[in-house]
Amino acid sequence: MPGPTTTAPVEQKRVMDPSRQRHGLATRRVLCASCDIACSVVAEVQQGRVTRIRSSDNPLFRDNICVKGVMAPKSFAHPERIRHPLKRVGHRGSGRWERVSWDDAMADIGARLKRIIADHGPEAWAVSTSQWNTGTDHGLGRRLMNHVGSPNWISGVAMCAGNTAAINRFTYGWYPWPDYDNTRCILLMGHNPHKNSWVPIHNAIRRAQKNGAKLIVVDPRRSENAEAADLWLAPKAGTDGALLFGLLRVILDERLYDQAFVDRWTVGFDDLVERVGEFPLDRVAAITGCGAQEIAAAARLYATHGPSVIPWTPITDMQRNSTSAIRLQGILRAICGYLDVPGGEGMHGFHPRIVPESVVEMHEALPEAQKAKQLGADKYPAFTYRGQAALRGPARRVWGYEYPNQVTGCFMANPTAVFNAMADGDPYPVKAFFALGNNALLSYANLPLIQRALMNQDLVVVQEHMMTPTAQLADYVLPGDSWLERPWMFDAFGWISLHKPSQQAMEPPGECESTWQFWKRMAGALDMDELVPWDNLREFYDWRLEKLGIDFETFAETYDVHADKLEFRKYERNGFATPSGKVELRSSVLEDLGFDPLPYYRPDPPRDPDYPLDMFTGVREHEYFQTGGRHVPELRKRTPEPCLFISPGTAARQGLAAGEWVAVETANGRIEVMVAIRDNMPDGLVRVPHGWWKPEADMGLDGNLSQALKLSDAILCRDDEDFMDREQGIPHLKGVPCRIVPLESTS
Amino acid sequence: MTAHGRRERFARFAFWMAKRASRNRNPVDRICRWILDRLLKTEFQVDDMVVTHPGFDAEELERYERGKSRLP
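Line order of the protein sequences matches chains A and B. The first sequence begins at 0 in numbering that gives the first Met the number 0 and counts up by one. The second sequence begins at 0 in numbering that gives the first Met the number 0 and counts up by one.
Honestly, the hints are just simulated from the structure, not real lab data. Everything numeric in this text was worked out from a predicted model, so none of it was measured. Certain hints may be false.
[To be verified] Which stretches of chain B does chain A cover? Using the computed rule of at least three CB atoms under 8 Å from a CB of chain A, they are:
no.	stretch
1	6 to 14
2	21 to 31
3	44 to 53
4	57 to 70
[Stated by the list, open to error] List of simulated lysine-lysine pairs, DSSO-like, C-alpha gap at most 30 Å:
no.	chain 1	residue 1	chain 2	residue 2
5	B	Lys-40	A	Lys-213
6	B	Lys-40	A	Lys-209
7	A	Lys-636	A	Lys-73
C-beta: ideal position from N, C-alpha, C; glycine also.
With the hints as extra help, turn the sequences into a complete structure.
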């Protein structure tokens, strides 16, 4: 069967090979950054080089490891890895480069950026990063941008956890983290942690189940977690908001909520009841395709078998009704009394003695006039400075900081607005774009727009490991180090108050440097050396840890994970970090921004008969994370081509066979993929793989940017009004109308 | 003590144990790790490649790194 599998037996016995234990090797405790969950693993070092990644010796982190981590030593040794600064010598996208020194590159980048700022203002500089890739950015980029005067920072977290954090703050002022260790019920909405993706969460869920917790899975596909669930609901893709209204309806009608908590700690309950009244179960069933009895059973299980948790899900982040659906999840957590209790949703706040990245970022340094220029803030303000402004005072009161930038997603520009400004100068020109550890071209909706945006820049700077399609359109490509080659301190993106150190296991190859070092160089190039007064990363960590009375090296030697004391129901001291100090079921922030203060459900636009199927994207193969990893031979052998997953019924109706190459088309564009038939897929829904390009293919525009222009799902993803969330302006990726066209019948 | 109070106390104790186990420096830390090691034993699903991969040879990786490149 072509393509990767999507299901596997839940019970799988392992036979550990004793010969795997290799004694007498130097080892370093490191955090894997092959994805964004930062697994604690061990690096074995021989001849100054990491030769194996294995599971941690700490029982807390046992088996938190996947194929991407195991293959990391090979990944970072790839012959095509960028090891020296490169400067473009042909036209943009020509694929022709010359090697230059770091000093020459940074001097030229600094001079050109200064010129752009002088001509167009500091807001003409935009930066896109993925902090999990760069690792050591640690907020230095924002710090520099804030002092220069640019608010235009974007990231993939705009539609993946960062936006969730920002929207959660509207309801109760913090984005909580589930207490898997003590929970009794898990409601998993579409996210499917498995043995090669978000492994610690996969393991935590399995452990919770073993301890008696119930698992409710909401997923159109019969995923690995659906197979392991006590209750599986399979809604139509993209209807999470309606389903959540159904759950609430049952909980309210049957009075299954925590009356005392609601009375004492919420505002807007009567308004909520009225809004939920618009969603009788037969209406919810009609929208979602789930049975009314199933919905009622899930609601009762969640509300009565608690404390329950609703873990983060990227699925709700990427829908037309994302803001409302995220709010509905928050409302469920709150009215059932699960906030900040054991087994519920922990609201940790910041570590009292470790400097958080939110402080490093210095958002207070960006003048209000520049904050007001943040792209997208006028129309889609939810996660921008404007959208979060009303929470500044409450955040200071409760959490001690005015700008708690949880998951780096609370003060972002809107990506689509940034790309429009880059491409067309509307509402003002953006002429310099930095992409750090971020293959921007393939990482947001509407690739054709992003390509046009990049082609219209005066300066594009990329820091990367490999010559990605985005890098191929740059002026400078700078070599980045990897998680094996640097010290690192992971702060869980400010989501939970845990800090995990990572020891440097080997020297970086060539002239590869950390993103931290890049920003230090950049501060120098902009005559702002004083903004980065630390000589190196270790000194910076020492400063952050100073109040603990420990330096970083000792910290890393001593702890696998460090946390302060655990406290519950902290809201009883200072209230919630919202304007009212309570859980805002009716959001005053959204109301003041001109939006519906209550969650609502916006139906699909009328179906275009030319596109009879629905597609979803955003799901990763086991072997890859985002757009990375296709250069690793062992991983590529397992998943060599981008595969379209369709049900046997859909395949039969479309006359398609497994292994056949087809085109998938939406109103936005067209890509080519190979058909893979999966019986866990529902009829009418197709899954398009995320992030495909082929590192071995010809580079430059003549080579279709290593085939990205033929294979990337970002080509299909729409960013027009009907397919954007109203408050955030993020794209709907779960249920986009599409069609499948056999390749021989297309031109 | 209420059920909620018991749950809070248990969660705090488990968290304390986890922190000590993670530090693993003195006898109390090591006892905590020993206890957690037994309590947390679960047969998780692990990919075959994770289970069976023997690691790389340092010289093999170096040869691989020096392979043909299209970049300057």
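| message | Flag every earlier hint the structure violates by its number, smallest first. | response | Violated hints: none at all, because every hint is consistent with the structure.
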